[in-house]
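K.L.:
Sequence:
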Amino acid sequence: MNTHNPEDKVKVEEKNTEENTEVIYEDDFEEPKSSKKGWIVTGVVIVLLLIAFLVWANASPSEELDVLAFVNGQPVYAAEIDARFEQLPAEYKDVVDRSLVLNQTIDEILLVQEAITQGIEVNEEELTSELNTILQQSMMSKEQFEEYLVNNGLDLETALNQIEVNLVLRKLLSGVANVSVSEEEVEFYYAQNKNLFKTLESRKVSHILICYVGAQGCEANYTNEQATELVNEVLEKTKTEDFASLAKEYSTGPSAPTGGSLGSVDETTNFVPEFKAAALDLNAGEVSGIVETDFGFHIIKVSEVTPANTVELAEVSPQIEAEILNAKTSQFVGIYLATLREKADIQFITTCDVEGVIFYSADWCDNCEEADAVVNELIAEGRSITKVMVSDNDLVKTCFGAIMKEQIPQFICGKEAVVGQLSKEEIVTLVEKCD
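Using the numbering used here, the letters of the sequence shown map in sequence onto residues 140 to 574.
These are calculated hints, taken from the structure and not from any lab test. A couple of the hints might just be wrong.
Simulated crosslink set (DSSO-like; lysine-lysine; CA at most 30 Å straight-line) [claimed, not checked]:
hint : residue 1 : residue 2
1    : Lys467    : Lys333
2    : Lys378    : Lys333
3    : Lys337    : Lys387
Just the calculated beta-carbon pair ranges, DEER-fashion [to be verified]:
hint : residue 1 : residue 2 : range
4    : Gln486    : Lys310    : 25 to 35 Å
5    : Asp484    : Thr272    : 33 to 43 Å
6    : Glu545    : Ala483    : 26 to 36 Å
7    : Thr272    : Thr362    : 49 to 59 Å
8    : Leu227    : Ser384    : 29 to 39 Å
Heads up, the beta-carbon is just placed ideally off N, CA and C, and yes, glycines get one too.
Kindly produce the complete structure, drawing on both the sequences and the hints.
P.N.:
What follows is the structure in structure tokens.
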């Protein structure tokens, strides 16, 4: 995979985040939908980057990190799995354990290895397009995105490298997955899940809020008595004057600049009960009486009522097709990964802690025969010695790379490696030192 310089190679479409930031929802009732959605999507994007990034991909064996597994010779470090687990959202940690994270990491490695084998690559145009898509979905500028990454221990170059990996894997799976969805499948799904496509009756709601000192979130200086007098005056004015104009002039709520508009409200809207009940009781064009909540006095107007409805198949067909396609693709990926696992060499290691002495040798080493005979004799006597051959040395090189010598045979004990022919007495002394 390439290493990217984010300043030179990737052109990012800058976003002006100062535009269209007008709040039309009362902060105390419900967050502005665009902002809320933006940060939710951003959170998902960042979490995916954090989880997917191989934190210890460039870790050196000299760091003597515990190894949990080898995937075709590539080590998976315990610290990497711990980091991935800790980066999971808190709600996921109740249903996900480290063994699941380990197995998902192994799956990722297998897919990356297969993509490399097939020579799959991503060009700069594809990478730029994907980054811009992420920025658009997250409603963030490049600078905000970089800041978010830094706050989570990453940088843009790291993110670009992982985005490249994700694109490569997407190409790999799309190239091997022969998945399609028929019209009959879409129709069957729609018929079996019609409840999913029903919309509730909703109303377009505006309000005028007159708050007073002591009311929740109130920044006005009205006493309760003053607010009561004013809201009654405004209510009388609504009979002859434009509601939106009155909201702009008198409302103390943040929706005042937009004429008190709160958007659509239905039974699921997260508004306080008194307000929601009054709003849902109005017909189109009607104005409520005075409704008191913890936030003050409200006058509510409904401008439009949209009846409950079942969305037609033609309108939701693309979403249904995507849902079925995702399910089929997930099923295929599971089968594909099982195939990759079957032909892979996956070794699970519990720890780098090895009891006793490691005797590191090779079948082709003529100078090792004498030491090998002595080691076999000591093993027969019950001495704690582990024989490891050069052809099967992943654990040794990963766990003890910092102290290993280039020559063989060698005896490894803790943080010490001794090269050459040792006498039986010298080996026994070394074993006793390690026990």
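K.L.:
None of the hints should be skipped; say for each whether it holds.
P.N.:
Evaluated hints:
no. : hint                        : result
1   : Lys467 x Lys333             : holds (21 Å)
2   : Lys378 x Lys333             : violated (43 Å)
3   : Lys337 x Lys387             : violated (35 Å)
4   : Gln486 x Lys310: 25 to 35 Å : holds (29 Å)
5   : Asp484 x Thr272: 33 to 43 Å : holds (37 Å)
6   : Glu545 x Ala483: 26 to 36 Å : holds (29 Å)
7   : Thr272 x Thr362: 49 to 59 Å : holds (53 Å)
8   : Leu227 x Ser384: 29 to 39 Å : violated (50 Å)
In summary, the structure is inconsistent with hints 2, 3, 8 from the numbered list given earlier, while agreeing with the others.
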